[in-house]
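Protein chains in written order, with my numbering: chain P, 1 to 157; chain U, 158 to 274; chain G, 275 to 391.
Worth double-checking, as some hints may not be accurate.
Dumping the calculated DSSO-like pairs for lysine-lysine here, alpha-carbon to alpha-carbon at most 30 angstroms [as the list claims (entries may be wrong)]:
id	chain 1	residue 1	chain 2	residue 2
1	P	Lys86	G	Lys333
2	P	Lys73	P	Lys86
3	P	Lys141	P	Lys65
4	P	Lys65	P	Lys86
5	P	Lys73	P	Lys141
6	P	Lys73	G	Lys305
These stretches of chain G come out as covered by chain U in the derived footprint (C-beta under 8 angstroms, 3 or more residues) [said to hold, decoys possible]:
id	region
7	285-296
8	312-324
9	329-341
10	348-357
Label-pair distances were calculated between CB atoms; the ranges are [as the list claims (entries may be wrong)]:
id	chain 1	residue 1	chain 2	residue 2	range
11	P	Thr95	G	Leu297	30 to 40 angstroms
12	U	Leu234	P	Thr22	22 to 32 angstroms
13	U	Leu230	G	Lys305	28 to 38 angstroms
14	U	Ala159	P	Arg124	55 to 65 angstroms
15	G	Leu297	P	Ile56	17 to 27 angstroms
16	G	Phe336	P	Gly5	21 to 31 angstroms
17	P	Ile61	U	Ala159	44 to 54 angstroms
18	P	Arg142	G	Leu280	39 to 49 angstroms
19	G	Leu352	P	Arg54	27 to 37 angstroms
20	G	Arg359	P	Pro93	27 to 37 angstroms
21	G	Gly306	P	Val12	41 to 51 angstroms
None of these hints come from the bench; they were simulated from the model. Glycine residues also receive a C-beta, built at the ideal position from the N, C-alpha and C atoms.
Chain by chain, the residues:
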Amino acid sequence: MTALGLNLLLAVLWIAFSGSATFVNFLFGFLVSALAIGLIREQAEGVSYLRRVRFILSLTILFFKELALSAWKVATLVLRRDMDLKPGIFAFPLTVDRDFEITLLANLITLTPGTLSVDVSEDRRTLYVHAIDCSDPEGTKRDIAEGFERKIMEAFR
Amino acid sequence: MADLFNFLFLLVIAVLIVAGSLFSLVAAIGLNRLPDVFTRMHAASKAGTVGSGLLLLAAGVHAGELSILFRALAGFLFFILTAPISAHLLARAAHEVGYRLNEKTVINELRRDRPLE
Amino acid sequence: MMAATLFNFAVWLGLAILSVAFLMTVYRVVKGPTLADRVVALDMLVGIVIGFIAIIAAKTGFTLYIDIAIALGLVGFLATVAFARFILSRQTADEEGGKSNGERAAKRTHATARKVR
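Work out the full structure, taking the sequences as your base and the hints as a guide.
Structure follows, in structure tokens:
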């Protein structure tokens with residue numbers, strides 16, 4: 001069931017990408033995505049699909065909100081006459097531990113206001129984040145932990 | 158009625174175009190005003206991505222066809238996915254080989270945990 | 275009628291703003307001062323060019339330009355990744371004209387030669 005849902009989703013995406021909404025093209029997309037799912041069978045199975053989709057959707061909405069906010073924040077920062085910067089790199093203790101989740105979190109952090117992920121420690125426990133305003137690293141860490149990290153846990157656990 | 162609709166349609170596109178190019182301009186200003194490579198990366202990866210994404214979206218909306226709009230959206234998504242990866246790779250490389258952070262930097266816990274030598 | 279004027283105005287305004295952004299970014303590419311700065315600026319340059327292409331797609335109505343923009347985004351991403359690898363493999367933050375920290379870099383190159391990465 002879940003694999004089927006994923007398959008349909010990928011087929012629809014295929015139509016969006018290739019830009020022709022004919023039945024034959026849909027069939028072809030379905031076939032290609034079935035092949036792709038077959039390649040990553042282990043990861044695709046064992047997912048309660050619809051619940052996931054809801055959480056992923058809420059994560060997406062949060063993300064776009066933060067993206068708009070961050071672009072705006074950079075804009076106001078850059079256009080201020082006196083740039084009172086306090087940049088710094090702080091260590092963020094990771095709760096998520098799977099590669100995929102760390103990647104997602106790092107990407108989300110980069111596109112949110114004033115933060116940019118720089119590196120992950122070898123033991124995958126710490127994410128090093130460059131912040132453009134590092135006057136309150138504890139507060140920023142708390143924001144990330146309670147915002148994106150919690151949402152990611154909800155969506156993929 | 159159709160006239161009004163057309164007007165609103167073009168208005169939305171016009172707003173998207175102007176907003177997108179303004180974000181690109183802000184990113185360019187940030188690139189010139191910010192003090193070191195890491196802070197410059199902030200400007201390029203956020204405002205720059207949003208800028209080109211909005212412009213692409215404007216082109217997609219202007220085509221007035223769902224499949225093309227989807228393609229533009231897919232492109233936007235693609236930029237959103239790749240921009241942080243390239244920023245992250247660059248920041249990591251720059252930090253690893255020892256590019257200095259600006260002297261205003263308040264803390265550097267990465268250098269603390271992984272000193273140069 | 276008025277809508278078309280508005281749209282044309284937005285297009286020209288967008289192109290003008292993007293040109294300014296483009297020139298500012300080129301200034302950063304030329305000025306540097308470090309390689310990483312230049313790479314960030316070049317990455318940004320690709321973003322601005324994508325914006326140009328998107329505006330021209332809206333202006334002319336050739337939707338094929340959107341695909342070109344996406345392809346350019348992919349190329350730009352790969353170029354930035356390659357540059358990041360290059361910075362890493364160079365193992366020095368020394369720049370001509372920049373603050374010299376040659377001794378430190380030499381020591382580091384020696385140290386990292388042992389470390390496999």
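Violated hints - listed by number, lowest first: Result: hints 1, 11, 15, 16, 17 break, sorted rising.
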